[in-house]
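Undergrad: Sequence:
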Amino acid sequence: MKYSTLPRIKAMLALIFAGRIPGMLKLLLGMFLICPILCAQQTNTPPEMNQQTAQMLLQRMDQLEATVRELRAALAQATAAIPRSTPAEAAPLSQPEPEPQVERAASEGMDLNKTLLRIRGFSDVTLHGSNLKGDTTSFSLGQVDLFVTSDVSEKLKFLSEIVFEAGRDNSFGVDVERLLLTYSFGD
Numbered sequence: 000m001k002y003s004t005l006p007r008i009k010a011m012l013a014l015i016f017a018g019r020i021p022g023m024l025k026l027l028l029g030m031f032l033i034c035p036i037l038c039a040q041q042t043n044t045p046p047e048m049n050q051q052t053a054q055m056l057l058q059r060m061d062q063l064e065a066t067v068r069e070l071r072a073a074l075a076q077a078t079a080a081i082p083r084s085t086p087a088e089a090a091p092l093s094q095p096e097p098e099p100q101v102e103r104a105a106s107e108g109m110d111l112n113k114t115l116l117r118i119r120g121f122s123d124v125t126l127h128g129s130n131l132k133g134d135t136t137s138f139s140l141g142q143v144d145l146f147v148t149s150d151v152s153e154k155l156k157f158l159s160e161i162v163f164e165a166g167r168d169n170s171f172g173v174d175v176e177r178l179l180l181t182y183s184f185g186d
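Just so you know, numbering that gives the first Met the number 0 puts 94 at position 95 of the sequence shown, and the rest follows in order with no gaps.
Hint data in this document are derived by calculation from the structure and do not stem from the laboratory.
Any given hint could turn out to be false.
[What the hints assert, rightly or not] Restraint ranges, calculated between C-beta atoms of paired labels, are given here:
1) Gln62 x Arg119: 55 to 65 Å
2) Leu178 x Leu74: 55 to 65 Å
3) Glu160 x Val124: 16 to 26 Å
4) Thr125 x Leu145: 15 to 25 Å
Quantities reported herein were computed from a predicted structural model and do not represent experimental measurements.
For glycine and all other residues, C-beta sits at the position ideal for the given N, C-alpha and C.
Could you put the whole structure together from the sequences, leaning on the hints where they help?
TA: This is the structure:
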């Protein structure tokens, strides 16, 4: 037997007959003790499948397998119909013409991978606690510093430091601590 409830039942009956447990609690404890017995009686047998449902599923599986075979045959025919070029013919096609320098310079300024906006920051959280009467234990948020940087282009860079401070009356102040815009001259 998976659950040994006989000792528990004997102990509960002794308490009930001794008059130490109130009426509603007796009912709850009795239900609690019977739950393991009911769990042990459950079976894990799967529900029986209808013969018609099983036959329908087998037909559907056969149809899908036939469709896969047809698609594989069509793919094989399509790849066989494509002419294969020799490596000597492919070499002249892979050499692109040189692009003018003006177009490359314009595209570098607008490259989205280089002009990402990066935001990093830190904050301090403090726990205030005391054992004095009437004083509450609580957390408080100090300053929140955000560092925002971006490389707008190869020559232009941007950095800022923004500080958010919480006051005692739950009001927030915003200070721009640092703002730096750098442009580097030269080639």
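Undergrad: Now tell me if each hint is right for this structure.
TA: Outcome of the hint check:
no.	hint	result
1	Gln62 x Arg119: 55 to 65 Å	holds (56 Å)
2	Leu178 x Leu74: 55 to 65 Å	holds (59 Å)
3	Glu160 x Val124: 16 to 26 Å	holds (20 Å)
4	Thr125 x Leu145: 15 to 25 Å	holds (19 Å)
Checked against the numbered hints above, the structure breaks none of them.
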